[in-house]
Amino acid sequence: MYQYDAYDQAMVDTRVAEFRDQVARRLSGALSEEHFRPLRLLNGLYLQLHAYMLRVAIPYGTLTSRQMRTLADIAEKYDRGYGHFTTRQNIQYNWIKLEQAPDILADLAAVQMHAIQTSGNVIRNVTADHFAGVAKDEVEDPRIAAEIIRQWSTFHPEFSFLPRKFKIAVTADTKDRAAVKFHDIGIAIVKDAKGAPAYDVYVGGGMGRTPFVAPLIKSKLPKTELLSYLDATLRVYNRYGRRDNIYKARIKILVDALGPEEFARQVEDEWQLTRQEHINLPPEEEARIRAFFAPPAYTTEAADLAANMPGTNDPAFRAWLSTNTHAHKAAGYSIVTISLKPIGGIPGDASTAEMNRVADLADTYSLGEIRVTHEQNLILPHVRRSQLHALWTELKTAGLAVANAGLVTDIIACPGLDYCALANARSIPIAQRISERFADLDRQHSVGELKIKISGCINACGHHHAGHIGILGVDRKGEEFYQILLGGSGAEDASIGTILGPGFSADGVVDAVETIVNTYVDLRQPGEPFLAAVRRVGNGPFKERLYARV
Amino acid sequence: MPVFDASGLVDDHWIVLGDADPLPAGAPVLLTWERIARDGEAAFAGRDPRGVAISSDFDVAKLLPLLPRIGLVVVKPANFKDGRVFSVGRLLRQRYGFNGDLRIQGEFIPDQVPFLVRCGYSSFEAAPGFDLDAALRLLKVFAFNYQTGLADKNIFALRHNQPAAGRA
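Going line by line, the protein sequences match chains A and B. So the first sequence is residues 1 to 550, counted in the numbering used here. So the second sequence is residues 1 to 168, counted in the numbering used here.
Bound conformation, chain B alone (with noise of 0.2 angstroms):
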């Protein structure tokens, strides 16, 4: 399925692997985290980063360790009102620091993909006939926003430090 960040589509280079598939030699391979769970050190065969698809109920603490080796972590809800999604990416993000790239794969719809952003989405493997064109229209819809401690622009701050930016 496509992949697309907020720019548009782009080329997704991650090669998924099932938990009995060999590791392939220097290409990056998207592996279970039952996977990396089982074979342990033996899952990087030292080559890093690798990337990991976890669940939205996967309690995010334990990736902890490994996250400096971890380029990908994908995030499957059961569907696409599951909103612990959100919860996963600002774990990630804001309080365990990952940089790397955070993915959601599977079932959200287009106007969740600003709040998607806004926990620390970066790219977007969408189900068939998704609205590729409304989420992408509806990224640029609000300019700043209210919640503290995210990446975008706050109004909180930016009433107190710079001129209000006026009527939208």
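Isolated chain A (complex conformation) (with noise of 0.2 angstroms):
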């Protein structure tokens, strides 16, 4: 993992300097709430329905358990026991007084941590495939150019003031668990045609109210050219995109007005100038940071490599590894999902218990090492599959060993209106209700793969788009509404749900997703997916029964 060097925590403890004096500005009145609100924004401070709201960066979503106790602790100190795990590998605190900023941003500066850039229109906390380094087809560690990302991106003087938010993902794999094309750029690491690493780079993708999948506007960029790239893309977006309209200016209207093939015209005359411009990373200054990558020492004994595990007379465990469990890169080695998705309970919260817990066990059996997912789940990435079983039997007691990875109860859900100032309608409690309808395991497992996911409005936190049922909380005369779309994807095979007809209320909503699920059961194929028997068979049949009873 990379570890800080006494520049970058320098970088970290001057922005709390820097932060602290913002405050007293603004506590004193020098500041005006106008002029303070983008520099609050770029130290992740929001100001809620209620408090304030402070998002803490999990940079490519990987954590030590020094730094999860540190999370943990804050839970504790300035908030209400609890921090929630967002779709961005953040961690979002809902309850935090202005004056107490400074010393959470100190406190998580002793642990190499911070807040930079989680919101604002900066480029936003670079996320990254939560099996990096550990997926077993993966090209490259993709943190590596996360954390180049990182660097170069932190206080960067020229896009600290662009039209809208920058987000920016990195996965290497085939197969993408950091849903790459619907970011503002997606990097995704491949093969050049003499096998060595290179950069395919999407950009222009994104949810909201406009939803695109981004088109690739670079194949197979050299991948000492990186920061060059970035920074024409940027400059590009930085001086066209459109700062008339908040609701017009990320990058993907200005690719889809202009068109890829002239977007990456724009951008490509502007990197042939960039490129010697000395903006790339300097060689040795990767090599440096790529030495921090470099594999922990695995177990070698036998024991671990032998095929028979312990404890798998057990269905309940059987279950959990089916899920919970995946292959892993070094032999004798899987990658656990801890669920944060309890039934009946709210997606991505931990409590300052749960997170401690996490971090004992990923001292016992992961190296130390934890990740934080996009699908707010939390990963141990390297544990021995002799110790799978002790490791589950701990987490059931600890109540995280929920065998429900990527099941129907596996949901994505924003803040929605129990938090959020935007928000139209709850995303939250429709959450729970959804996860206790189908509270029964074996009942989920005979589902399979079905990725509900959940908006209280059309800015899509909660990615509606890219669910396999996606639902969208809207207002309808001062009523909560929900709208229910099928078929999207946040994959490899990227694509944008359609909405399936009239909404439906709170309780209706509920009833209408198992309505979908029973279709789905009925009509299926043997082994066919949700996804895949959506795309075979369209929204026909599920509009049928949906509408049909009404």
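Calculated from the structure, these hints are not laboratory results. Every value quoted in this text rests on a predicted model; they were computed, and no experiment measured them. Relax, there's no trap hidden among the hints.
Simulated restraints on C-beta separations:
no., chain 1, residue 1, chain 2, residue 2, range
1, A, Y547, B, G129, 56 to 62 angstroms
2, A, G540, B, N79, 48 to 54 angstroms
3, A, E261, B, G129, 45 to 51 angstroms
4, A, D269, B, A78, 24 to 30 angstroms
5, B, A157, A, E301, 40 to 46 angstroms
6, B, P22, A, E261, 46 to 52 angstroms
7, A, R476, B, L66, 55 to 61 angstroms
Where is the CB? At the ideal position from N, CA and C, for every residue including glycine.
Since each chain sits alone in its own frame, please combine them into the complex, following the hints.
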């Protein structure tokens, strides 16, 4: 894992001092709320419905156990004993006092963390595949590029007042777990003609009120040219992106208005100049950062490499193995998903006790390392297969062994009207009711992979466009209503869901989801997952069943 | 409005001319881009350098042939969130090699001054009520930076050429 040197540490420490100065000027009245707003947003501080919310970056989703304990302490000290893991590898605290925010940033800086650029019209926290470094088929660890981007984008003087926010994600596997085609820039690390890693650069994806799957703008960019190409892309956006209307200000609108070919041409022209302007990372610096992501020393004990594993006669353990563990690139190891989606729970929430427990388990079972997923779960990336049963037993005791990763109750939901000032409708209670409806684990496993994503407004923080079943909360004459979309995907086969028909009430939407699931179960072919079935038959059969009974 | 640079308030000797004002002899004058475009060589009247005022959405490549004869470029943002001024600065300084005075005029906030300096701005003309003390203090906050290709202390280079400076 990357470790800060004195320079990185000085940057976050200085930022804390700078923000303390800004908060003092705001509290004294020297700084108006209008002028303070973009500054507090640059430090992840939002004004929500009830209080300030602080969003802390977990760059590319990688955490040490020590960092997790600090996140737990912050929840205890400054919040109400909870944190909320988000869809962008951040954690949010919902009950923050403005005057305490600098102290929280200082606590974070002490463990090499920060809230820099987690909101505002800047390059946001860079995200990556949560299986980075351990995925069996990845070209190389995408966190190397992500850490380079993190440093390059931190306090970038040219790109800190962009037309709108800017999100970058990196993946290096043919299976995309980072939703790169729904980002402003999505980088897929691929092999070039000679078999060396290179970057496919997708630009102009996004959700919100105008969803787009990003087109490929640059194929096989040489790795050494990453920063000059990013500079060129951001400069074209900064100069020509719309600033007259915040709903038209994302780069996706510019890419769409120009057309991908013309946008690519403009970036190419700019890049031919930026690449000569000493913007690219010095090779020795790439090597320095790369060295931090070298694989840890894995065990080679025979017991770990043996095919049989203790505990597999327990069907509950087997169910958990089937959904919550994944193949690891090192023999004898598995990647473990800790579901933060207990039945009836709030997706992505974790208590202080749970965060501390996960930190302890990471120390015992996962070389002290934890990952945060964009699906609001946690990962223990390096678990010896011989210890899976022991880990599962401990997780069960802690209430963290729900065997539902990727299943119908593994729901993504935005904070919705319970917290968010922008929301039109609540998201969390809908997720909770759906989760309760499908509480029966056998039923979930027989339904199979199914991703439900819920947003409380068209800003789409709950990724409803990319849900196999997407749910969008709207306000209809002061009442919460929910539209249902089918057929979205945030993976390598990215697609945008289409609206089924008229919306449903808060109660009705839970019944509707059940009808959709039952319809799928009736019409699926052997082994056919939900998304494949929807793509085969279209929305028709689902519409018929849903609206026939009304 | 007062003009300052990284060291504090400065005397501004540029005379701002309207598009119809006659050119005074021998004085450094600031003209709009529209006037220079309209009058061509007559706008210079054999006397360099001139100052030119542009908006943040101006295509700075148009200035390239004139730059050796321009001593001041004044950039006017639409409002304090108008980040185009930063790209204008980098293009003029780094790409086109402008080495006269580069000034922002109008709405910007003290916390942007360090970014403006890093993008090549050398003087600042702020609206009334601007917190000059805060701006000058903020200029001293960060000793080095991550971005390459800029005229400030770059961490990527420092890491490999010099020992780290230690905690701030």
